[in-house]
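Chemist: Protein chains in written order, with my numbering: chain E, 383 to 529; chain R, 879 to 1227.
Bear in mind the hints are in silico, worked out from the structure with no lab data behind them.
Small disclaimer: the values here were computed from a predicted structure and weren't measured.
Incorrect hints may appear among the rest.
Said to hold, decoys possible - Each pair of labels, with its calculated beta carbon distance range:
1) E:L432 / R:D980: 48 to 58 Å
2) E:I450 / R:F1009: 30 to 40 Å
3) E:L432 / R:N978: 54 to 64 Å
4) E:P428 / R:L957: 33 to 43 Å
5) R:Y924 / E:P428: 14 to 24 Å
6) E:I450 / R:F979: 24 to 34 Å
7) E:I450 / R:M1117: 47 to 57 Å
8) E:L482 / R:W1053: 32 to 42 Å
9) R:A1030 / E:L482: 50 to 60 Å
10) E:P428 / R:D925: 23 to 33 Å
11) E:L495 / R:W1053: 37 to 47 Å
12) R:F908 / E:S435: 12 to 22 Å
13) E:S435 / R:G1013: 38 to 48 Å
14) R:F908 / E:K431: 27 to 37 Å
By construction, the Cβ of each residue, glycine as well, lies at the ideal position given by its N, Cα and C atoms.
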Amino acid sequence: MEAINKLAALPERFNIPINVGTAGGDLPTRYFATAAVLLLTIVIAPPLKLAYSTVKIFSLLASMSGTILLMAGLVFSQRTHYAGVMLILTSLLMLWLASLTSESGASTWWAWLAVLIGLIVLGLMAQNLFTKRCGINKLFGIQSCSR
Amino acid sequence: MSEPERKEQTPNDLQAHPGRLVAYFALLFFFISQTSFLLEELGANYDLQQFTRIKEIIESGFTFSMAFESLFETFFLLLLSFIFTLPIAWVYTLTKDEENFDSSLAQTVVVLAMVVTGVMVVISDVTARAFALAGVVAAVRFRNTLQDTKDAVYIFIAVAIGMGCGTHVYHITVWLSVIMSLTMYLLWKYKFGVSLRSVAKAPGKKDVQKIYAQASGEALQHLERELEQQVRLLQWAQMHRDDEKGKKKPNAALIVESSDAYAAIEQVDKALDAYGGKWQLANISSETPGRSTLEYVGRLPKESTPGTLIDAIQQNKSAVIIEVSFRSLKGLKSPVSLDKKSNQAEEGD
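This is chain E alone, in the form it adopts within the complex (with noise of 0.2 Å):
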């Protein structure tokens, strides 16, 4: 019990500006749309060799989930906006760089840029959850940071 008020009295001593909320299921949906757009990064790295049509159907499934979880924020005035914005926008664009790379045959270029975006998009989703404002959703007019 003690320790649990020490973990609860953590972000109050450290003064750690948390910004995601914990209503409306915000926060695990942002670590759910965090761990998607990871396994999508990995996914679709070169080194993996793994098929065009596997990272389409893995690229899908994320934009699905990001979709339900959007339909879900609209709807039930749930706080899920940011991870559905998040999830259908990267894995749509990393699909798209991924099939530059089908295309284009040996070069691995766009799987690269790909995984770059990806890296650049979980930095900023981690940078999210623990540290500053949440730009992207300012950006769509989003109230979904507050506590």
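Once you've looked at the hints, dock chain R against the given chain E.
Modeler: Frame of chain E, contents of chain R only:
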């Protein structure tokens, strides 16, 4: 980094944005197309012999038709039914006024479509469908007496969506969901019916100005006096209710013309005490010498009439009371709300 202050939005503020409905449908079509691509990709690249039912769905996409055996298929149909009906229920919650809103009906709209889908999945014979439809409609109709005819429409839309999903006509169902949601929303938004009536019947500003211009100076003075008195009485009634919270608002006024104010007050008070009801002297005024006007606000006792009240006051046939009149304040609203006034004063401070 200092955080900017954000105004917390309530669920109602958020949900009442019509753009959200459009966005929901856009996302729904996007989701359907994504599912279509996914199924196509799965079917083309993987051998799904172990999952025959899934394979059949993949092969036939969104226009598949087959025997109703699989639990997976039933789940899929119910999910579609739920997704299609959700915006209908949402529009219902938006468009229904607070007084007649029934949350159970909003939930029924969503659940009913799923139930009907289930019924249609189980009864796949065409003849049986006709019986099922009759049964469903009768069951809904006789379990609940719907206050508003529009409620029945929502129920019928849910039934139609449920049947559409159950009989695999998704292309009809999705458009039914889109078009009906938008229709119901637009009818509510532009107050169809109410707006038509008000345009046809309500006198315009120009009509009032014309009447005002035609009236004589004396008539106008009388009209202004009457209006001023009515506003004053309404404000007194409002104040009386604010002073005694939880009690009913005075809904009537008694106007007594007298030659001697003090004697008249004594006499009227005695008569009102004997008659019953709760009355309060609101105002005494005297415009001409030897003539005073007493204004009372209050409520008539139950099962009594204004006529009997006037008779009770005039029964002594005292020379002090010249004239007694009764004015109902029922259904009238003060043009100047005291609450608003006080709020404005506070804001001004």
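Chemist: Regarding L482 of chain E and W1053 of chain R, is the given constraint of 32 to 42 Å on their beta-carbon distance met?
Modeler: With Cβ atoms ~36 Å apart, the hint holds.
Chemist: Range first: 50 to 60 Å. Now tell me if the beta carbons of A1030 of chain R and L482 of chain E are that far apart.
Modeler: holds (55 Å)
Chemist: Using the Cβ atoms, figure out if L495 of chain E sits within 37 to 47 Å of W1053 of chain R.
Modeler: Cβ of L495 of chain E to Cβ of W1053 of chain R: about 40 Å, so the range 37 to 47 Å holds.
Chemist: A range of 24 to 34 Å was offered for this pair. Does it hold for the Cβ distance of I450 of chain E and F979 of chain R?
Modeler: Holds - the Cβ-Cβ distance for I450 of chain E and F979 of chain R, about 28 Å, lies within 24 to 34 Å.
Chemist: Could you see if the CB distance from S435 of chain E to G1013 of chain R stays within 38 to 48 Å?
Modeler: Given range 38 to 48 Å: holds, Cβ gap about 47 Å.
Chemist: Does the hinted range 12 to 22 Å hold for F908 of chain R and S435 of chain E at CB?
Modeler: About 21 Å separates the Cβ atoms of F908 of chain R and S435 of chain E, which means 12 to 22 Å holds.
Chemist: Range first: 47 to 57 Å. Now tell me if the beta carbons of I450 of chain E and M1117 of chain R are that far apart.
Modeler: holds (55 Å)
Chemist: Cβ-Cβ distance between L432 of chain E and N978 of chain R: within 54 to 64 Å?
Modeler: Given a distance of about 57 Å, which is inside 54 to 64 Å, the answer is holds.
Chemist: With respect to the beta-carbon atoms only, verify the hint that F908 of chain R and K431 of chain E lie 27 to 37 Å apart.
Modeler: Holds: the Cβ-Cβ distance is about 31 Å, inside 27 to 37 Å.
Chemist: Between L432 of chain E and D980 of chain R, does the beta-carbon spacing fit 48 to 58 Å?
Modeler: holds (53 Å)
Chemist: Do the beta carbons of I450 of chain E and F1009 of chain R sit within 30 to 40 Å of each other?
Modeler: At roughly 36 Å between Cβ atoms, F1009 of chain R and I450 of chain E fall inside 30 to 40 Å, so the hint holds.
Chemist: Look at the Cβ atoms of P428 of chain E and D925 of chain R and judge whether their distance stays inside 23 to 33 Å.
Modeler: The hint (23 to 33 Å, Cβ to Cβ) holds, given that P428 of chain E and D925 of chain R are roughly 26 Å apart.
The structure meets every hint from the earlier list without exception.
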